[in-house]
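Kindly generate the complete structure, drawing on both the sequences and the hints.
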Amino acid sequence: MAQPLQSINLVAPAFKGINTEDSPIAQDTSFAEVADNAIIDRQGRLASRQGNSVITTTKTVLGTDYIHNIHEFYDSAGNEVIFSTGNNKIMTGTTTLVDATPGSYTITANDWKIVNFNDHAYFFQRGYEPLVYSNSLGAVTKMTAVSGSSVTSSQYCHEALAGFGRMWVVGNTTNDTIIYWSDLLDGDDFSGGSSGSIDVSKAWPAGADKVTALAAHNGFLVVFGEHSILVYGNPESPASMALTDTVAGVGCIDRKTIQNIGTDLLFLSDDGLRSLGRVIQEKSLPLSDLSRNVKQDLIGKLSLKTSPATSVYSPENYFYLLGLPDSNLVYCFDLRGRLENGSFRVTKWPSVNFKSFARDRNGDVYIGTVDGIGTYSGYDDNNSSFVFRYTSPGLTFGDPSKIKILKKIRPTIIGGNDSDIVLSWAYDFSIQANTSRFRVGTSTPGFYGESEYTAVEFTLGDLISRKSLNCTGNGSVVTVGLQTEVNGNSISLQEMNVLALIGKTL
Amino acid sequence: MATTFEEMVTNPASNPYTTGTVGGSSSSGIGNFLGGLLGPLIGGASIAGGSALTKSAYDRLGDIGEQAVLGTTVGDQRIPGALEMAQSALDLSQFRPFTVTSATGGTFGVKPPTMMTDPVTGQQFMSGTEATLGLSPEELALQKSLFADATTAFQDVLQEGGTAAREQGVYDRIRAVQEAEEQRRQLALEERLASQGRLGVTSAMYGGTPEQLALSQAQETAKNQAALMAMEQAQAEQLQQANIAGSLLGASYIPQAQMINVQQAAQLFPQLQQQAQLFGAGQYGETMMSGLEARLIAEQARANLLGGIGSGILGGMFSPVKTDTGIGSLFGSLLGDIFG
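Protein chains in written order, with the numbering used here: chain A, 6 to 511; chain B, 462 to 801.
Hints may be right or wrong, so weigh each one.
Claimed, not checked - Sample of chain B residues at the chain A side, in silico, Cβ under 8 Å:
{"hint": "1", "residue": "Ala655"}
{"hint": "2", "residue": "Tyr667"}
{"hint": "3", "residue": "Gln725"}
No lab work stands behind these hints: they were computed from the structure.
The beta-carbon is built from N, C-alpha and C at its ideal position, and this holds for glycine as well.
Take a look at the structure:
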């Protein structure tokens with residue numbers, strides 16, 4: 006007697022991002038086992054990320070190195086300079102990288118922290134004399150050469166923060182607990198006026214620690230240790246500022262991962278991505294773990310981390326990117342909302358050579374690579390394709406004890422102009438999957454205000470492809486997936502309908 | 462040992478100036494006298510006899526005058542003359558050394574001037590009156606002790622750097638009292654700063670935190686006040702020490718002053734003795750002079766008598782008178798009536 010087909014409709018598959026922490030067969034089908042080079046687009050669909058459109062054309066100064074840092078300097082007069090670092094140099098420009106390293110200033114490392122303060126850009130790196138740039142100076146200048154400056158090797162620091170009318174620096178070659186603050190509105194005067202310092206070595210709530218990062222948030226000076234957080238109130242008067250809160254067991258392991266998202270402060274701890282507001286509210290309870298769904302995976306990657314991480318917050322794209330250059334990996338956390346467990350939806354961008362990020366005032370996200378500076382735009386990485394991949398969690402059709410015989414998979418795909426789509430399915434967690442390829446139609450979308458619309462032609466909208474592919478094989482747990490090369494056109498997965506016959510009980 | 466006036470009065474025999482009775486009569490003396498007087502009359506011629514009596518009377522007056530100045534011996538009794546009596550009066554009125562001894566053993570003595578020889582020139586000279594003041598051993602020990610204490614006290618007062626050392630000492634003691642509270646406040650502030658995570662604050666404006674600056678200012682103010690107090694205290698103590706030293710020095714002279722007081726109180730007795738001495742010397746002189754005067758009068762009378770007799774004899778010799786019983790019986794009855 007014929008059995009009716011059972012249907013599992015994966016609407017907006019991977020809407021909740023990757024989940025590698027829970028059991029695959031017990032997962033919500035809105036999660037994904039794999040979501041590579043994907044984002045959650047504005048319609049809540051799993052979509053391919055944008056690419057890296059390199060704008061640098063002349064990178065002689067950079068040599069074979071990559072861009073370690075990108076920073077946009079701007080002042081109250083509207084002057085703007087894009088600084089980047091790499092190849093032991095400080096460079097300006099985006100299309101043509103120009104060496105702006107001061108004369109007789111030797112650099113052997115590229116872990117700069119560049120901050121804007123009072124119409125100046127300040128460059129700090131551990132063990133190096135700080136550098137200063139302003140429109141009036143006209144060039145990157147040693148801090149000691151700036152008139153009225155007062156700086157010693159104590160301020161040759163690793164971390165710098167511009168906030169509360171002062172420069173705050175910490176982490177020289179011999180000490181990681183003394184925070185120095187400059188005179189009021191004078192970022193290069195660390196000895197006169199109301200300048201000073203505070204040694205927080207005795208303030209850690211859980212033993213010894215060292216300062217890894219500083220942040221200004223909600224009127225508080227946030228001092229991040231590797232395993233602790235100190236929150237100082239009244240930092241406008243540094244000599245009188247006092248602890249208002251401390252957090253033990255949670256810290257920041259990389260100063261470049263701190264991003265202020267307006268209502269909260271995100272940072273990378275040794276066990277994942279955290280938010281300060283939640284941490285303070287919940288005193289480091291696991292609920293504040295924003296990367297809980299990829300926690301083990303992320304911790305594994307962090308254990309391999311030897312070079313600085315990078316991050317960027319883009320409100321335009323609703324994401325927080327966490328780059329791990331050592332692993333050629335970027336985690337993309339979608340900030341539209343949190344899941345039931347308090348975490349952000351997350352996707353991964355593997356096999357990318359994105360080494361640094363920055364966002365300018367216009368909302369452009371800059372990407373630093375070996376090719377120079379690019380922007381987060383287009384749908385290829387410097388004219389090279391990348392693979393968009395999705396794999397569902399294990400599907401049991403409500404009864405893992407019975408055999409499922411897949412009959413059809415009917416994906417609904419948006420975009421992907423003339424791309425080959427490879428659908429895959431596998432049974433019982435096998436790494437060997439059955440595949441089926443098909444090509445979507447050709448349609449180059451032209452949107453209002455973009456590309457060809459204003460020039461020659463426009464389309465009615467995105468190309469929508471619905472295919473019904475026959476499947477083979479059987480098993481108790483079914484995993485389906487899709488992958489395609491993204492090479493200039495976006496693609497998103499709107500829906501995936503899986504039809505199967507339910508067989509006998511095993 | 463000099464003989465006092467009282468001894469001379471009560472025991473005349475002890476008077477070195479008296480060798481016999483003054484004005485006494487003796488039959489043997491009378492006989493000698495008459496023999497000597499009448500011999501020339503009876504055995505000589507009447508003229509010659511009268512002249513001789515007159516001359517004898519004259520000589521006697523001369524002798525009496527000489528004896529009044531130089532003295533004589535009467536009946537083995539030495540009668541001093543005016544010269545001797547002046548000397549005796551001088552000796553009797555000579556200052557008598559005396560000694561005053563207090564109840565605590567101190568002594569005060571005065572020695573009369575003595576003849577001394579200049580050791581350089583060899584000339585003799587009369588020393589001045591020597592007064593000596595002596596303390597008992599206990600008083601002397603006390604005086605030495607007080608004097609030594611006064612010396613030590615003055616040395617302490619005037620010791621170079623002594624005030625500074627005392628200032629430091631007082632300052633240290635004041636600070637020792639203050640430091641306990643300061644330490645408590647310091648610890649309280651440290652605890653507060655630690656709870657606020659501000660222990661390691663260093664600022665160009667305050668050095669540390671404003672609270673630390675305030676506490677440091679309070680501590681420094683306390684130190685300043687302690688220093689000023691220490692200076693004032695040290696100076697007050699120095700003044701007190703000087704007063705004590707002065708008191709000790711003054712006290713060291715108290716036994717001596719008390720001895721002087723005792724001596725002054727005892728001055729009455731040497732004065733009384735002096736008055737008695739002077740009175741006795743005066744009495745002695747007057748008495749002796751009265752004796753001399755009496756003797757002089759007597760001798761004058763006797764000389765006058767002899768002179769009268771001589772004149773009578775000479776007058777009778779040259780004026781014829783009736784003779785009944787002879788000259789011998791006349792002279793005999795006459796002299797017998799006179800000398801009886």
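- Task: Tell me, in ascending order, the numbers of any earlier hints that this structure violates.
- Result: Of the numbered hints given earlier, the structure breaks just one, which is hint 3.
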